[in-house]
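Protein sequences, first through last, are from chains H and A.
Residues in the first sequence are numbered from 1 upward in steps of one, following this note's numbering.
Residues in the second sequence are numbered from 115 upward in steps of one, following this note's numbering.
Among the hints, a few may not be true.
[Stated by the list, open to error] Taking beta-carbon pairs under 8 Å as the criterion, some of the chain A residues facing chain H (in silico):
(1) I125
(2) Q197
(3) F205
[Said to hold, decoys possible] What follows is a list of derived Cβ distance ranges for each label pair:
(4) H:T5 x A:S185: 38 to 48 Å
(5) H:T14 x A:K184: 48 to 58 Å
(6) A:A195 x H:P61: 41 to 51 Å
(7) A:Y178 x H:A38: 37 to 47 Å
(8) A:V199 x H:L83: 29 to 39 Å
(9) A:R177 x H:A38: 23 to 33 Å
(10) A:R177 x H:G40: 44 to 54 Å
(11) H:V114 x A:Q183: 24 to 34 Å
(12) H:P8 x A:P154: 31 to 41 Å
Hints were generated in silico from the structure; no laboratory data involved.
Every residue, glycine too, gets a C-beta built ideally from N, C-alpha and C.
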Amino acid sequence: EAGVTQSPTHLIKTRGQQATLRCSPISGHTSVYWYQQALGLGLQFLLWYDEGEERNRGNFPPRFSGRQFPNYSSELNVNALELEDSALYLCASSLAGPSGNTIYFGEGSWLTVV
Amino acid sequence: AQKVTQAQTEISVVEKEDVTLDCVYETRDTTYYLFWYKQPPSGELVFLIRRNSFDEQNEISGRYSWNFQKSTSSFNFTITASQVVDSAVYFCALSEQNTGTASKLTFGTGTRLQVTL
Numbered sequence: 001e002a003g004v005t006q007s008p009t010h011l012i013k014t015r016g017q018q019a020t021l022r023c024s025p026i027s028g029h030t031s032v033y034w035y036q037q038a039l040g041l042g043l044q045f046l047l048w049y050d051e052g053e054e055r056n057r058g059n060f061p062p063r064f065s066g067r068q069f070p071n072y073s074s075e076l077n078v079n080a081l082e083l084e085d086s087a088l089y090l091c092a093s094s095l096a097g098p099s100g101n102t103i104y105f106g107e108g109s110w111l112t113v114v
Numbered sequence: 115a116q117k118v119t120q121a122q123t124e125i126s127v128v129e130k131e132d133v134t135l136d137c138v139y140e141t142r143d144t145t146y147y148l149f150w151y152k153q154p155p156s157g158e159l160v161f162l163i164r165r166n167s168f169d170e171q172n173e174i175s176g177r178y179s180w181n182f183q184k185s186t187s188s189f190n191f192t193i194t195a196s197q198v199v200d201s202a203v204y205f206c207a208l209s210e211q212n213t214g215t216a217s218k219l220t221f222g223t224g225t226r227l228q229v230t231l
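Assemble the whole structure, with the sequences as input and the hints as a guide.
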């Protein structure tokens with residue numbers, strides 16, 4: 001069974017541009033999460049989607065946004081890119097409702113902003 | 115507020131040594147969940163174990179074992195007879211039952227384990 005898959009693996013963008021990252025959850029999982037892992041800042045919660053709705057977001061500015069599609073896949077959009085957005089973006093999924101459910105992660109998308 | 119502390123930033127051992135990675139957590143919830151993940155250089159976070167707050171039984175899985183002690187708010191991870199393939203960054207994480215915060219895992223800062231021959 002396929003795990004969480006993310007694309008692209010690597011992405012290089014210029015400051016001010018927009019980046020779009022994509023994620024497909026494990027089959028049967030309806031919750032999708034996004035985390036940012038920036039150098040020196042650890043793993044930070046970004047967004048949680050479940051059944052197509054944004055359920056919770058971390059302490060990130062509005063230029064970080066996303067959506068979840070009817071097939072439960074998800075996109076993360078980062079607008080007006082800044083140098084400090086350079087990071088590994090990890091997508092994860094779980095069964096409905098995260099409380100107590102194991103969250104499984106993908107391999108991540110490396111975003112470099114130059 | 116929930117918090118996870120991994121005081122060991124980096125540990126270096128020689129193959130076949132035993133090593134323990136420490137994790138201390140803070141939460142106000144009575145129901146919560148603790149996790150360990152492994153992150154090899156490829157970047158993917160690999161799930162290792164989940165433990166709920168009502169289950170204080172220690173667990174052993176092959177060379178891995180976990181010691182959960184609510185009295186000291188600790189959830190330590192021991193690798194017995196370490197191998198080079200165990201080299202990675204290990205993260206301890208916490209999620210709470212509370213709906214508002216249950217959607218996120220709070221991670222520790224990670225412990226980088228280097229196993230050499």
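Verification of the hints:
no., hint, result
1, I125, "violated, 18 Å"
2, Q197, "violated, 22 Å"
3, F205, "holds, 7 Å"
4, H:T5 x A:S185: 38 to 48 Å, "holds, 41 Å"
5, H:T14 x A:K184: 48 to 58 Å, "holds, 50 Å"
6, A:A195 x H:P61: 41 to 51 Å, "holds, 47 Å"
7, A:Y178 x H:A38: 37 to 47 Å, "violated, 29 Å"
8, A:V199 x H:L83: 29 to 39 Å, "holds, 35 Å"
9, A:R177 x H:A38: 23 to 33 Å, "holds, 32 Å"
10, A:R177 x H:G40: 44 to 54 Å, "violated, 31 Å"
11, H:V114 x A:Q183: 24 to 34 Å, "violated, 47 Å"
12, H:P8 x A:P154: 31 to 41 Å, "violated, 20 Å"
Hints 1, 2, 7, 10, 11, 12 from the earlier list are contradicted by this structure; the remaining hints agree with it.
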